[in-house]
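Undergrad: With chain A held as given, fit chains B, C and D onto it using these hints.
Protein chains: 4
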Amino acid sequence: MAYLGLYGLQHRGQESAGIATSDGDEVYLEKGMGHVADVFTEERLGNLPGTIAIGHNRYSTAGDSDVANAQPILIRSHRGKIALGHNGNLINAYRIRRELEKQGSIFLTTSDTEVVLHLIARSAQRTIEDAIFDAVREVKGAYCFLFLLKNKIIAIRDPLGFRPLCLGQIDDSWVVCSETCSLDLIGATYVRDVQPGEMVILDDSGLTSLRPFKREPTRQCVFEHVYFARPDSIVFGRNVHSSRLAMGKQLAREHPVQADIVVPVPDSGNSTALGFAQEAALPFQLGLIRNHYVGRTFIEPKQSIRDFGVKVKLNPVRSVISGQRVALIDDSIIRGTTSRKIVRMLRAAGAKEVHVRISSPPTTGPCYYGIDTPTREELIANRYEVDKICKFIEADSLGYLTLEGLLDAVQGTMDEFCTACFSGQYPVEVTPEDRRQLRLFAERAGDGPPADRNRS
Amino acid sequence: MAYLGLYGLQHRGQESAGIATSDGDEVYLEKGMGHVADVFTEERLGNLPGTIAIGHNRYSTAGDSDVANAQPILIRSHRGKIALGHNGNLINAYRIRRELEKQGSIFLTTSDTEVVLHLIARSAQRTIEDAIFDAVREVKGAYCFLFLLKNKIIAIRDPLGFRPLCLGQIDDSWVVCSETCSLDLIGATYVRDVQPGEMVILDDSGLTSLRPFKREPTRQCVFEHVYFARPDSIVFGRNVHSSRLAMGKQLAREHPVQADIVVPVPDSGNSTALGFAQEAALPFQLGLIRNHYVGRTFIEPKQSIRDFGVKVKLNPVRSVISGQRVALIDDSIIRGTTSRKIVRMLRAAGAKEVHVRISSPPTTGPCYYGIDTPTREELIANRYEVDKICKFIEADSLGYLTLEGLLDAVQGTMDEFCTACFSGQYPVEVTPEDRRQLRLFAERAGDGPPADRNRS
Amino acid sequence: MAYLGLYGLQHRGQESAGIATSDGDEVYLEKGMGHVADVFTEERLGNLPGTIAIGHNRYSTAGDSDVANAQPILIRSHRGKIALGHNGNLINAYRIRRELEKQGSIFLTTSDTEVVLHLIARSAQRTIEDAIFDAVREVKGAYCFLFLLKNKIIAIRDPLGFRPLCLGQIDDSWVVCSETCSLDLIGATYVRDVQPGEMVILDDSGLTSLRPFKREPTRQCVFEHVYFARPDSIVFGRNVHSSRLAMGKQLAREHPVQADIVVPVPDSGNSTALGFAQEAALPFQLGLIRNHYVGRTFIEPKQSIRDFGVKVKLNPVRSVISGQRVALIDDSIIRGTTSRKIVRMLRAAGAKEVHVRISSPPTTGPCYYGIDTPTREELIANRYEVDKICKFIEADSLGYLTLEGLLDAVQGTMDEFCTACFSGQYPVEVTPEDRRQLRLFAERAGDGPPADRNRS
Amino acid sequence: MAYLGLYGLQHRGQESAGIATSDGDEVYLEKGMGHVADVFTEERLGNLPGTIAIGHNRYSTAGDSDVANAQPILIRSHRGKIALGHNGNLINAYRIRRELEKQGSIFLTTSDTEVVLHLIARSAQRTIEDAIFDAVREVKGAYCFLFLLKNKIIAIRDPLGFRPLCLGQIDDSWVVCSETCSLDLIGATYVRDVQPGEMVILDDSGLTSLRPFKREPTRQCVFEHVYFARPDSIVFGRNVHSSRLAMGKQLAREHPVQADIVVPVPDSGNSTALGFAQEAALPFQLGLIRNHYVGRTFIEPKQSIRDFGVKVKLNPVRSVISGQRVALIDDSIIRGTTSRKIVRMLRAAGAKEVHVRISSPPTTGPCYYGIDTPTREELIANRYEVDKICKFIEADSLGYLTLEGLLDAVQGTMDEFCTACFSGQYPVEVTPEDRRQLRLFAERAGDGPPADRNRS
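Chains as they are written, first to last, in the numbering used here: chain A, 14 to 469; chain B, 14 to 469; chain C, 14 to 469; chain D, 14 to 469.
Read the hints as simulated data drawn from the structure, not as lab findings. It is possible that some hints are incorrect.
[What the hints assert, rightly or not] Straight-line Cα separation of at most 25 Å, SDA-like style, residue types lysine to any residue; simulated pairs:
| id | chain 1 | residue 1 | chain 2 | residue 2 |
| --- | --- | --- | --- | --- |
| 1 | B | K163 | D | Q116 |
| 2 | B | K153 | D | R89 |
| 3 | B | K115 | D | L295 |
| 4 | C | K165 | A | E114 |
| 5 | B | K94 | D | R89 |
Isolated chain A, as found in the complex (with noise of 0.2 Å):
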């Protein structure tokens, strides 16, 4: 089942890929670098007995990508066997850590995660519980943790909710997964999301939920809507796809434009470019095909070939394309290249014009909460105006979805969604420290989730 389920997360992250389970005595491990598909063969499953089962996939931008890094990860201490896996991205972890190894103590990894477990271990608490609570209280900054016991699982989600967490039920049994798009998998169906700040024990006596934090306004990832989560899913109780053709309706209704053909970057553009079309009552249209073949150890031709880069996943369909005006509607740009590659692309194949629309407004801070954008300096729009990012990539014209159109989209509010990316709004402060120790540890360790590294 957790194997099953990590299928149809493997979008959230491809590194690595692990599963730790529990059959009420011992507590069992398998973890290793690559796909699901890649990781887990019949022997190494066969090695995971039990009834409980945590699972994780797992991305890191930087050179740390090292199996001890991999998730679940296993400790002993004086509370028995505890296995965690991690979603998001903990602020604070290296102010701690620094703190921790003052008082003596030792990290094996370069995991933000394993401070998590030392604070744990540390608690004077009696209850795991008690202890989990103690250490959350610690640390700032974005996460969904699963623990395992040999006798039960603790999900828990920050306060603000950055990550999504959800709830599903089979038959007498709860998951507790990112997106619902696992629980359709594998057939349970969804009951609804751990709440910000809620603790949930799934252990023999069923569900148990605690909320050890006062309750206050969240800061759900409105980027999970815009271009993390599949479409498919439900993401913080609303249906992914839909906030797409909402944020495609809007964006045709912010900046019109006077096109033949509405052509998505797929995938992420797809519903998204529905909605502009049926908005703007133009023909959509499939003008650019991806491969999904694409390997992750690519390697690259030596003669450089001319945008190798994005062609090996990109190509456009010239019937298509020829003698049109386009508008390319796409999810964001970030460093603004591989926008230019497209827009030229789609001129080889004999565009007529080409409208960037962007259905999210510009890109000018980086995320600390568990979305991979590279820094500030190289954020595009951090440097230039719409008008010269426009100039930059090449297009005739280019709009951005503004912030208040993307949140009508998402039907939710800055009191529920952090969009610290685009308004520079922090909800959890990041020192200047904080920042250069960030990059430090990133570089070292680097676990946020995944990002198209493709992405401009």
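TA: Structure of chains B, C and D alone, referenced to chain A:
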């Protein structure tokens, strides 16, 4: 280049990949089981010096998915080293093989392709070109052969032109490949198709074209346009996406439907559904999401989760489907079981009605020319009328595109296209003995191009 | 260099191999399961820049033969990165571990070695050297530790000196390793042993020696000379081959035999048998041949061939054995079953009589200091007198070397050598609780050096 | 059984291993690069059902160490599936191959063995046995062939009997293998040798022996006794260890020496040195220790440590060597460079004098019959007289066993043994053209049995 080109053709075969090169003196070969990205490391690419190269992606259906059968096949003969990559299927390979065996030939692979190399070696002709003519005059069926010798590449396409083969140019070099999407990938320009019955010789003196066969009506595989080729490719001189758009429009005219939304079975149904929606003036919706991370070595769950095989690949978007009358667009129905699973999946997601529209006529016969279809007995359209099929797949209505409609959509005639799997008119006769032998052969070898195993 | 040196110490551990290096700024680590030759590729060696390095070959007996337990272990602490390789076994690791866990420490490996790193990190001392002193004052048992920091290597040997550690020089550089055969291999000169209780610091300023422990009588492992070390090594200042020759001579004096030939159980019995033959004036014969190609992953035949496990390793030379009275020389008898198989094997090859002579006293107790011996209950000499053992192994006579004879042969005394497994005098007390815990620990971790699994 | 037997013959080839089996209906094959232990997993053994089997360990010297050349080779022909394992070397394979190529045959491997399968397939004979006779009448050189068909195994040994082949029995089954040590391993009884020129057919009706060749004097390879075979084997009806003992005694008589100790180059020199020591009444000493863990993929150190290649395999025992006059016993001197390294190594360990004694005559010619020796030009004994070789290897004296002495030791005559590499009398003529072609062939294929690459 060959390596990059293979990336663009990965959809045509995922079982094994190989490249043969020559530096003018020596012929080199590297091949292995798996995707292009898995087979080729920097080290293995480094073992392939030279200035000319051929590559091959292979798929086989049966047990003999052995590295010995991977292509290109490299032999030594009195004509020197010859490497051969083959796209297609030879009808009479087994008969020729038996004949050659009687004459004392031995076979080290179970591939139909090996017989061609025997015939070339045995030819009394002086030149390799004439020897190839001798050989291809004996074999019947579908073939695009790419021969690599130490100083030239020879391409030949069967006179009926079952499989596509196109010719491109990059700087001063020629490129020959199955689909134009590979040309786009490496930055080459599409020049024209290698004509049915044409032999093209690429060497130091450039391109030489020979026409050993007398011209006759062709039989290009219409199913390439329906399903097999990538939509961004130009195949048989026509863009595949455009064909599918036209199929969708024609299908809407032939089988109008009272529906609220048009939903494709992604990805092959996307273009068709778009055409259908345009013609029917119904909203096109992405109501099924495909998971592109499904591994080749998927381990089936023991306590079989209902319809898991399909669920891991496709998931409905409840918010799109719920309460709607759905027109579901797919390219074909093979056994009917997958279609039924998808219909059930849509109903479980709340669809009020599900109307299935198929962008090709009923598949009543197997393909002997290179598409992997099951035996006649397994084809549901061979056993049932349309209304019974409709019941079997549990749809509210079912409509197939007519043969005339299909040919209109690809802008062709019965004198240009092979429609055997729909019309039963097999352009190269397959005797009952051939069929029996083909089956034996397939059990041992299976050399057809890939098909989606989950197709109904 | 470290890589080459590990080749020379492969006999001390075949389960995993690892190397840590430093270039003065950063510490690097590569390790993996398997032999040195399997773990290290050119690429992995290339990942290890720097000018100082430590390496480790490891063996574990139980299930946790996990890459996480492979050594060196690398941690981050407030003292920076520290890599540690450990030869030996800590008696009280489990007790300390429980203590540390109570104080909130977490453990990511199941190795006894991890506790040392915790103790160092927790030490209040300012310098790493003092912190190591703090740590080693708490642990009891056998250890040679090699610490690598970014700018120095620190070696420390326990005050009783259970395990060997030698010091060599090559050009201007120092080398520290378990046996001198590694010095020979890399062309270094043997200088002296690291003394029991000595700490040696190797850094830019050369070698510094510290003696944190007060000198006391040592307890160097006599079994290194009997079986474990390579005969070409100098161990504890004495050549192993010379010791074995002397054991053989003494054994011939203590237990003369009416035999026609003297045959060793190769390879460990070779030198001893030579000494025996010389003293007894009997012909030395190579009557048993060892197969050196036996793989680690040997698959047992299903219909069990009689005594296959021994036969795949040893085969008698019938022409040597047939009709002869054989004096068979082995180093020890553990469970008795292997000895019995060899005796039977010799009789099947025609031996008239088989007289077994053992170059050590009866093994009555397990080793807690780093040699992998089974529990007391499994040791045949713990259950039976010599004459009963003789019957069990089906020999015509059986003679063990006396403890005095053994000490004579190694030119040592009870105040220099640990003879616990023969004499029951355990120099570091092992409480019943430790024993129980050691076993628990061993089941989880197993960190002892290797032993020939086929020894009786 | 076949798998276990291959363990016992691992010393005859370490490059690849393979097994073919039959269950009476179908023939199965599994093979791969590497040692038996690496190639065969439980899963791969599970792919080999049936009741009859043949196996093969292969070694090749040149670049084409490709899995395509691994044996057994499996072909399909009009006689059904045939698997073939070959020990030996065919002199005229290249000539036959050229001839077959002219007749239109193609070759998929670069192995000399493939030609035999072509000849069998082309034979006009009705029975497979007669076809094999036809084929073997055409090939010249050394061969023991093991054919597996779906219902029988056929073994045939060339009329001169270059390579050994023995026959054993276990319960009611027959076993055929190169050396008796494999019979011992699986518990089979040695019955007799397959005679030179004999064909043995093993099927349901038991064993049938045919003698297609007229009897003539044999030419069994004397070097099997000198070096290649395992000492516990019976080869050509005589135990190898006994031969080597006799060689050592004869060598001591022919070349007495004023020495203090006799030291073998292990392991091949062990038995010989023992004989030498007995005859010379000098103490036999194990003064050189061999490291049996040296990996196949040894990575050479960059800043080349002096004589590292030898040091990683052999290390002197200083306490044995120091101050002694050493009689060093080796089996042969090939290039002289390894011998020189060993002599230097002994001197560095304190040897006063080093007297080299070789248990065979000077190696003046290459072997064309299955032992991997370098070209004539590289053989030091082909360029220098004994006294110059002595100087080259820096020994104090050097003595070679005479040809007569060697034949005495193996109790044979020139009419029974091939001594070509010592005597220049090649029993099967090798024309200059064959030699040239053999070399070309070897560069492409190399099919000789293994040799210790470090031999001088």
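Undergrad: Hint numbers the structure violates, sorted upward?
TA: 3
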